[in-house]
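Protein sequences appear in the order of chains A and B.
Number 99 in the working numbering belongs to position 99 of the first sequence; there are no gaps in the numbering.
Number 60 in the working numbering belongs to position 60 of the second sequence; there are no gaps in the numbering.
For the record, the hints were derived by calculation from the structure and aren't laboratory data.
Just so you know, even glycine gets a beta-carbon here, dropped at the ideal spot from N, CA and C.
Treat the hints with care, as some may be off.
Claimed, not checked - DEER-style ranges, computed between Cβ atoms:
(1) B:Y39 <-> A:L112: 38 to 48 Å
(2) A:L112 <-> B:Q71: 41 to 51 Å
(3) A:K44 <-> B:S26: 41 to 51 Å
(4) A:Y10 <-> B:S84: 39 to 49 Å
(5) A:L112 <-> B:S60: 37 to 47 Å
(6) A:E57 <-> B:R42: 34 to 44 Å
(7) A:G82 <-> B:G16: 26 to 36 Å
(8) B:R42 <-> A:F54: 34 to 44 Å
What the hints assert, rightly or not - Result set (SDA-like, lysine to any residue): computed pairs, CA atoms no more than 20 Å apart in a straight line:
(9) A:K17 <-> A:K52
(10) A:K52 <-> A:P18
(11) A:K99 <-> B:L48
(12) B:K111 <-> A:K52
(13) B:K103 <-> A:K17
Spelled out from the first residue to the last, the chains are:
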Amino acid sequence: DAMVIQNPRYQVTQFGKPVTLSCSQTLNHNVMYWYQQKSSQAPKLLFHYYDKDFNNEADTPDNFQSRRPNTSFCFLDIRSPGLGDAAMYLCATSRSEEKPQHFGDGTRLSIL
Amino acid sequence: AQSVAQPEDQVNVAEGNPLTVKCTYSVSGNPYLFWYVQYPNRGLQFLLKYITGDNLVKGSYGFEAEFNKSQTSFHLKKPSALVSDSALYFCAVRDIDSGGYQKVTFGTGTKLQVIP
Chain A
1 DAMVIQNPRY QVTQFGKPVT LSCSQTLNHN VMYWYQQKSS QAPKLLFHYY
51 DKDFNNEADT PDNFQSRRPN TSFCFLDIRS PGLGDAAMYL CATSRSEEKP
101 QHFGDGTRLS IL
Chain B
1 AQSVAQPEDQ VNVAEGNPLT VKCTYSVSGN PYLFWYVQYP NRGLQFLLKY
51 ITGDNLVKGS YGFEAEFNKS QTSFHLKKPS ALVSDSALYF CAVRDIDSGG
101 YQKVTFGTGT KLQVIP
């Protein structure tokens, strides 16, 4: 009964080679989030969508983009990954912005 | 501006003993406070939240947290720790800024180690 699914769990890409991470949800939640987490640090919010309304955090690098084609799916695109982009990427959903977030198990991205 | 602080990087407790993981917050309005737990190579899992009402909030897996407005704290507690409680714990606060924008900020996390 997985509710927030991230694929793949582990992704390896080459320095500078574009990569896309995917997230799907079966909860029909309005809000979807993308976080970057390094080495057991606090998750850092990159983007979030309230329905189709897109919110980009001010300090999210231009290298990162996101798409939400429908309620169930959200994608994180990294155009030219650098070594500093190696991290765990977490997707989360919530019914609304004040409700608890439901997280996927993340995609661990490695850069060669 | 809002912030949340977890002053301890790691907490060690013997199995069966009570545990406390500390969190303090600073927000401009009424706080919405959350605790999440993260096991290795997993996403965060919601444990409990405080929005309004009773200051003592009960959550999943026997955890509870006490909201203290005067001390701006929201410490996580459990009466009797289990080895399986060993994990990374994050406190989070949701606030609304002057522009009406809602944002959740996570603390830096506290690693809980329960010793058999």
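Practice problem: Determine whether the Cβ-Cβ distance between L112 of chain A and S60 of chain B falls within the hinted range of 37 to 47 Å. | Solution: holds (39 Å)
Quiz item: Taking 20 Å as the top limit, are the C-alpha atoms of K99 of chain A and L48 of chain B close enough?
Solution: holds (11 Å)
Quiz item: Within 20 Å, alpha carbon to alpha carbon, are K17 of chain A and K52 of chain A?
Solution: violated (28 Å)
Quiz item: Do the beta carbons of K44 of chain A and S26 of chain B sit within 41 to 51 Å of each other?
Solution: With Cβ atoms ~19 Å apart, the hint is violated.
Self-check item: Consistency of beta-carbon spacing, R42 of chain B to E57 of chain A, with hint 34 to 44 Å
Solution: Check failed, 24 Å falls outside 34 to 44 Å.
Quiz item: Given the proposed pairing of K103 of chain B with K17 of chain A, does the C-alpha separation stay at or below 20 Å?
Solution: Violated, at roughly 32 Å.
Quiz item: Measuring from beta carbon to beta carbon, are Y39 of chain B and L112 of chain A in 38 to 48 Å?
Solution: The hint (38 to 48 Å, Cβ to Cβ) is violated, given that Y39 of chain B and L112 of chain A are roughly 27 Å apart.
Practice problem: Compare the distance between the alpha carbons of K52 of chain A and P18 of chain A with 20 Å, and conclude whether the hinted pair is satisfied. | Solution: violated (24 Å)
Quiz item: Would you say the C-beta atoms of L112 of chain A and Q71 of chain B sit inside 41 to 51 Å of each other?
Solution: Since L112 of chain A and Q71 of chain B have Cβ atoms about 48 Å apart, the given range 41 to 51 Å holds.
Practice problem: Go ahead and decide if the range 26 to 36 Å is satisfied by the Cβ distance of G82 of chain A to G16 of chain B. | Solution: violated (47 Å)
Exercise. For the range 39 to 49 Å, tell me whether the beta carbons of Y10 of chain A and S84 of chain B fit it or not.
Key: Once the Cβ atoms are compared, 25 Å apart, the range 39 to 49 Å for S84 of chain B and Y10 of chain A is violated.
Practice problem: Please test the hint of 34 to 44 Å on the beta carbon pair from R42 of chain B and F54 of chain A. | Solution: violated (27 Å)
In summary, the numbered hints that this structure violates are 1, 3, 4, 6, 7, 8, 9, 10, 12 and 13.
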